[in-house]
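A.B. asks: Given next are the chains, with one letter for each unit.
Number of protein chains: 2
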Amino acid sequence: MLNEKLALHTPGPTPIPPQVAAAMARPMINHRGEAFSAIYRDVAEKLQPIFQTREQIYVIPGSGSSGWETAMVNFVPVGARVLNIVIGDFGERWVKANKALGFEVARLDYAAGSSANPADVAALLGKEQGTIKAVCLQQNETSTGVFNPVREIAAEAAKHGALVIVDAISSLGAFPFAMDEWGVDIVFTGSQKALMCPPGLMLIAASQRAWKAAEQIRNPRFYLDLHAYRQGFERAQTPYTPALSLYYGLQAALEMLHEEGLANVQERHYLMGKMCREAIKTTGLELLRQDEQFASPTVTAVKFTQGIAARTFRSTASKVFGVVLAGGQGALKETIFRIGHMGYITPNDVLVALASVENTLAYLGYPVETGKAVGAAQAVWLEHVRQER
Amino acid sequence: MLNEKLALHTPGPTPIPPQVAAAMARPMINHRGEAFSAIYRDVAEKLQPIFQTREQIYVIPGSGSSGWETAMVNFVPVGARVLNIVIGDFGERWVKANKALGFEVARLDYAAGSSANPADVAALLGKEQGTIKAVCLQQNETSTGVFNPVREIAAEAAKHGALVIVDAISSLGAFPFAMDEWGVDIVFTGSQKALMCPPGLMLIAASQRAWKAAEQIRNPRFYLDLHAYRQGFERAQTPYTPALSLYYGLQAALEMLHEEGLANVQERHYLMGKMCREAIKTTGLELLRQDEQFASPTVTAVKFTQGIAARTFRSTASKVFGVVLAGGQGALKETIFRIGHMGYITPNDVLVALASVENTLAYLGYPVETGKAVGAAQAVWLEHVRQER
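Going down the list, the sequences are from chains A and B. For the first sequence, UniProt numbering begins at 1 and goes up steadily by one. For the second sequence, UniProt numbering begins at 1 and goes up steadily by one.
So here's chain A without its partners, still in its complex pose (with noise of 0.2 Å):
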């Protein structure tokens, strides 16, 4: 039944606007030329007010993982010890790129549905004395759906004279990020998120103290070395070939976000949010994160009532009500599913995502009142637009 209209709810790859698949089907140009450098430009300065920083902002034809490499390769000495925060899968996957690199790493663990605790991060770095050169974070922990206090740990980690290197994937654009004001030294993100664009692009920025830290650096890097994009950044060229058409969407995307404005796209983002908790809590299934503080705006895991196969719940929510719901990773992958609601996602979207978790839960035989968790969903959209008259 018309099954190539799928609802998307994967957190990444998200939804493409008609007009950024429009803007990537322009024909390719000379990127020497004075029409590349322009795009380059307009990028970069629009790109800036959602880092919310001064500091330039690179954009390198790669998927959202070579940030852990490009900001850990530049920034941090080879060897050197550095603190891993993890909360979830992403957490695991940046341990494990630090390790190959050949850094040492200290870890701080929490339970899948857990938050960071600034305090936990403070007294290490203080029995620590200074061995810890950075401190590494996703802002969004997108395998469990929660969040962590960067603009905190940020803070403790200065104390102690440690980089704050943070991984915003899953949240730049859809989640309040002030990188100069938090003090954050090195943030990255991908264009498959918030960013309502296809994968393929990987977008970093570092901050003064950042480059200073990078002049003493002689690490073995070439494609992801940020010199020399950094070179090139006055003449508006990449050192090597742009994702042209990567690019055209990008700027595409930025334009659409400027115009429904920053603070309404994260509005948007942590209605949605609530959305989903609201509907969910009524279903009998169990959020992964019930506390509301650290609840992501961009992604909701949500737990299995047993006897539920995920494998099962998953199909039968795509191949009979069209809803495309992320599973779980690693430990968890048989006992959440996720719905992503990032980028180019409404309210109504929303509506659709928990409608098909009530549709496969009937289908499936579990007793449910089809409509409860959508008008939940409803009624927590409908609040938010009588507070905005």
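Check the hints yourself; a few may be wrong.
For chains that are exact copies, the list does not tell them apart, and a pair is met inside one copy or across any two.
Only pairs whose alpha carbons sit at most 25 Å apart, straight line, appear in this in silico DSS-like list of lysine-lysine [to be verified]:
id: 1; residue 1: Lys46; residue 2: Lys303
id: 2; residue 1: Lys372; residue 2: Lys281
id: 3; residue 1: Lys159; residue 2: Lys133
id: 4; residue 1: Lys372; residue 2: Lys274
Quick caveat, the hints were computed from the structure, so don't treat them as lab data. In this text, all values refer to a predicted model and were calculated from it rather than measured experimentally.
Knowing the structure of chain A, use the given hints to seat chain B on it.
C.D. replies: Here is chain B on its own, set in the frame of chain A:
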């Protein structure tokens, strides 16, 4: 709030699938070459099962409204007496077209929300004793969300030697229709309804009996002279420049309809109509067509509760809740709204449209239990998929 991502629920234009949009972006070609002829033949072949005919189908650059004139000036002598069956605003418009073209119009009128009764047609044709040369009717009256029993009316017309001309603009593709089997002489539709394309193409077919009648007819006509199209059919060429990008789009849309399966497409439309009706019944609003029989699978008309201003209702649904509903036409302008559910629309889209009805009522201060109407529609959908198992 992402205001440009509106859910379009007008009964035409309807949303365009990305595949159709992509096809329309293809470059222009020489329309007198083999590349276009191949598209022409493919489209002609894929249209026949939708019309359920062995006759040739012609694709003409024009609005749906050009269908009335094309059908009349090619197959009925100007000045002849014709019967117009009027169950709503589009029936009324056809009367105007016929009068403007110089036909003598007899009418059968029905109240808004009613369908035509074949017995009335039989009685009128009997009384007229062969003076009526053609019976003109809509299969689906877009302004009221009611359809007519075309097959039964065609049978009555045949008994009295009158041609049957059917405007299937808002039905063809979404409804069962069997031109040859039902004895329909002329049928036409538009590209922007169930055929999932932008407006701009009118598609028309005529029976052998109609073509035989056409031989004697010397009406003034030029652009809409179907003989010119007929002469080009074997060569797969149009008499005038075809609307190339719309042709590309139509080819892609037909490919999608056949892939879904024509019976499945019709079933989807029936399901969506049923979902709307069962949902509306829970809201306290009243369906314009209360009887299930002849209630349209492509558009549902709903009466306003006293006190709701039509303009406020629709602008709230659109501006606050992101759903574009249609207003009433003609005499129904202030008293109804309509939900279009045809073409590239899924049951999930219908849930969003219904949520917007609830949300808008609640926002405007009417007592509404959010989720009740949506839940009723979900229940209809669930029942449908359970039966399919």
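A.B. asks: Work down the list of hints and note, for each, if the structure agrees.
C.D. replies: Comparing the hints with the structure gives:
With identical chains, the CA atoms of Lys46 and Lys303 are never at most 25 Å apart, being 38 Å at best within one copy and 47 Å at best between copies. Taking the closest pair of Cα atoms, Lys372 and Lys281 come within 25 Å of each other both inside a single copy (10 Å) and across two copies (17 Å). With identical chains, the CA atoms of Lys159 and Lys133 are at most 25 Å apart within one copy only, with a shortest distance of 12 Å there and 93 Å across copies. For a Cα distance limit of 25 Å, the shortest separation of Lys372 from Lys274 qualifies both inside one copy, at 15 Å, and across copies, at 20 Å.
Hint compliance for this structure: hint 1 is the single one not met.
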